[in-house]
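Peer 1: In order, the protein sequences belong to chains A and B. Sequential numbering from 1 applies to the first sequence in my numbering. Sequential numbering from 1 applies to the second sequence in my numbering.
Warning: the hint list may mix true and false statements.
[Claimed, not checked] Only pairs whose alpha carbons sit at most 25 Å apart, straight line, appear in this in silico SDA-like list of lysine to any residue:
1) B:147 x A:92
2) A:7 x B:146
3) B:68 x A:20
4) B:110 x A:20
5) A:118 x B:80
6) B:85 x A:130
7) B:68 x A:127
8) B:55 x A:169
9) B:85 x A:115
10) A:58 x A:106
11) A:7 x B:143
12) A:118 x B:55
13) B:105 x A:100
14) A:7 x A:169
15) A:58 x B:130
16) B:82 x A:126
17) B:85 x A:100
18) B:68 x A:129
19) B:55 x A:168
20) A:36 x A:23
21) B:147 x A:9
22) A:118 x B:79
23) B:59 x B:130
24) A:118 x B:104
25) A:118 x B:147
26) B:147 x A:6
27) B:85 x A:16
28) B:85 x B:156
29) A:7 x B:96
30) B:82 x A:11
31) A:36 x A:100
32) B:85 x A:9
33) A:33 x A:119
34) B:85 x A:23
35) B:60 x A:129
36) B:105 x A:12
37) B:85 x A:117
38) B:85 x A:124
39) B:147 x A:96
Simulated from the structure, these hints should not be mistaken for laboratory data.
Below, each chain spelled out in residue letters.
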Amino acid sequence: RGLMLSKTFISQNALMNNGIGRYVPQLARVTIKFCKEHGSSQGVRRYIEEEIVDFARKNPATVVYLKPRRHRSPVLVAEFLNGQTYYQSLHMLGSDTVSGFMEIYRGHSGVVYSEQGKYTYSDHPSIQGYWNPTTNKEPASALYKFPRHTSLPQEPTATEMLQQLFNSQQNSDGGAEHFSQGEKDRLETRKQGES
Amino acid sequence: DSLLQEMNISKLGRLFLTQPKQCLAVPNSRFIRTFPPPRSLPQHQSVVEESDGGKENLKKINEQILCKETGRLFSVVYMRGKQHKVTSGDLIKILNDIGAPLGSKIVLDKVLCVGGQDFTLLGRPLLPQGLARVEATVIERALNRTKISQQFRKRRNFNKLRFTREQYTLLRINDINITNKVD
Chain A
1 RGLMLSKTFI SQNALMNNGI GRYVPQLARV TIKFCKEHGS SQGVRRYIEE EIVDFARKNP
61 ATVVYLKPRR HRSPVLVAEF LNGQTYYQSL HMLGSDTVSG FMEIYRGHSG VVYSEQGKYT
121 YSDHPSIQGY WNPTTNKEPA SALYKFPRHT SLPQEPTATE MLQQLFNSQQ NSDGGAEHFS
181 QGEKDRLETR KQGES
Chain B
1 DSLLQEMNIS KLGRLFLTQP KQCLAVPNSR FIRTFPPPRS LPQHQSVVEE SDGGKENLKK
61 INEQILCKET GRLFSVVYMR GKQHKVTSGD LIKILNDIGA PLGSKIVLDK VLCVGGQDFT
121 LLGRPLLPQG LARVEATVIE RALNRTKISQ QFRKRRNFNK LRFTREQYTL LRINDINITN
181 KVD
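Take the sequences, apply the hints, and build the full model.
Peer 2: Okay, structure coming up:
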């Protein structure tokens with residue numbers, strides 16, 4: 001099962017637009033098969049005594065079946081709305097672990113056991129349009145005639161933008177207002193020479 | 001320097017020269033005016049100058065927001081150390097247990113960026129809280145497939161096998177809304 005791992009997209013986890021209007025729990029049926037006497041089902045038996053009724057009440061969308069089978073180790077069979085079945089062995093597990101597994105399958109979507117490498121899925125991946133080499137370029141660049149005596153126009157570099165910023169702040173009235181008190185002190189000490 | 005003079009960079013810097021704000025509104029037209037327009041153009045062609053008009057653009061953006069004519073909005077959302085670009089109706093898988101119960105509605109509060117077809121609002125680094133509202137539903141809380149981490153050194157009887165199944169959460173983004181005007 002681990003060697004022939006398929007790859008699926010996470011769109012398989014949310015079929016029928018689950019979650020857009022309303023969230024629909026995907027776990028349809030849970031069957032717990034256990035033995036009434038054998039020690040491997042002890043945790044399962046305890047879970048059944050204590051917690052399973054609460055689980056069934058809290059999850060009205062899920063049907064819970066109990067199936068006692070003699071001389072066999074306990075198993076949890078989870079069946080989902082998309083038809084997938086998962087078998088989880090509960091052999092020698094305590095009731096805490098059993099309830100943990102029930103929680104996991106309660107929140108599972110029933111997707112096939114697979115590798116899901118992409119963690120995003122979108123039906124509308126681009127809103128402003130996909131980038132192509134002519135976006136953010138001047139349309140007049142189509143009319144250029146070569147050879148050119150000067151280089152092609154370029155956007156200002158980060159350094160140039162910072163220089164512009166600094167110069168404008170220096171020149172504008174109340175340029176000192178942009179500085180915090182600490183920055184002003186530091187500038188003064190620098191002007192005086194570091195003392 | 002001569003290059004800069006020739007380039008005649010018009011008003012690109014204006015948005016940066018104003019007082020530092022938490023939010024930067026960028027209209028999608030690029031206002032880099034470079035060379036003067038060519039002298040001779042054929043009849044069917046004409047030069048259309050892209051105008052900057054920072055305040056006019058803000059007005060237009062706010063109009064769109066108030067009349068809800070922004071169209072489909074996207075946003076960049078920060079979640080557990082990672083950023084996701086997100087629109088309404090799409091899915092995110094987060095490799096963690098968020099803590100939210102199954103089926104619950106969540107508001108993703110750390111929004112770095114929101115935009116529509118005509119404009120983008122960029123936060124520095126986050127947008128002011130409450131400006132953009134990203135709502136999501138928790139669809140799935142389950143375990144990833146088993147991953148094996150093994151340490152093996154040969155001829156030394158050293159073989160450690162560890163099987164891990166990490167919890168993940170699947171979120172469905174329901175809605176993205178801009179609630180307030182932009183300053």
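Peer 1: With reference to the structure, classify each hint as holding or not holding.
Peer 2: These are the hints, each one checked on the structure:
| no. | hint | verdict |
| --- | --- | --- |
| 1 | B:147 x A:92 | holds (23 Å) |
| 2 | A:7 x B:146 | holds (14 Å) |
| 3 | B:68 x A:20 | holds (20 Å) |
| 4 | B:110 x A:20 | holds (21 Å) |
| 5 | A:118 x B:80 | holds (17 Å) |
| 6 | B:85 x A:130 | holds (14 Å) |
| 7 | B:68 x A:127 | holds (16 Å) |
| 8 | B:55 x A:169 | holds (21 Å) |
| 9 | B:85 x A:115 | holds (22 Å) |
| 10 | A:58 x A:106 | holds (11 Å) |
| 11 | A:7 x B:143 | holds (16 Å) |
| 12 | A:118 x B:55 | violated (41 Å) |
| 13 | B:105 x A:100 | holds (23 Å) |
| 14 | A:7 x A:169 | violated (55 Å) |
| 15 | A:58 x B:130 | violated (34 Å) |
| 16 | B:82 x A:126 | holds (20 Å) |
| 17 | B:85 x A:100 | violated (33 Å) |
| 18 | B:68 x A:129 | holds (20 Å) |
| 19 | B:55 x A:168 | holds (20 Å) |
| 20 | A:36 x A:23 | violated (37 Å) |
| 21 | B:147 x A:9 | holds (18 Å) |
| 22 | A:118 x B:79 | holds (16 Å) |
| 23 | B:59 x B:130 | holds (20 Å) |
| 24 | A:118 x B:104 | holds (23 Å) |
| 25 | A:118 x B:147 | holds (16 Å) |
| 26 | B:147 x A:6 | holds (14 Å) |
| 27 | B:85 x A:16 | holds (23 Å) |
| 28 | B:85 x B:156 | violated (48 Å) |
| 29 | A:7 x B:96 | holds (20 Å) |
| 30 | B:82 x A:11 | holds (20 Å) |
| 31 | A:36 x A:100 | holds (21 Å) |
| 32 | B:85 x A:9 | holds (17 Å) |
| 33 | A:33 x A:119 | violated (35 Å) |
| 34 | B:85 x A:23 | holds (22 Å) |
| 35 | B:60 x A:129 | holds (20 Å) |
| 36 | B:105 x A:12 | holds (21 Å) |
| 37 | B:85 x A:117 | holds (17 Å) |
| 38 | B:85 x A:124 | holds (11 Å) |
| 39 | B:147 x A:96 | holds (23 Å) |
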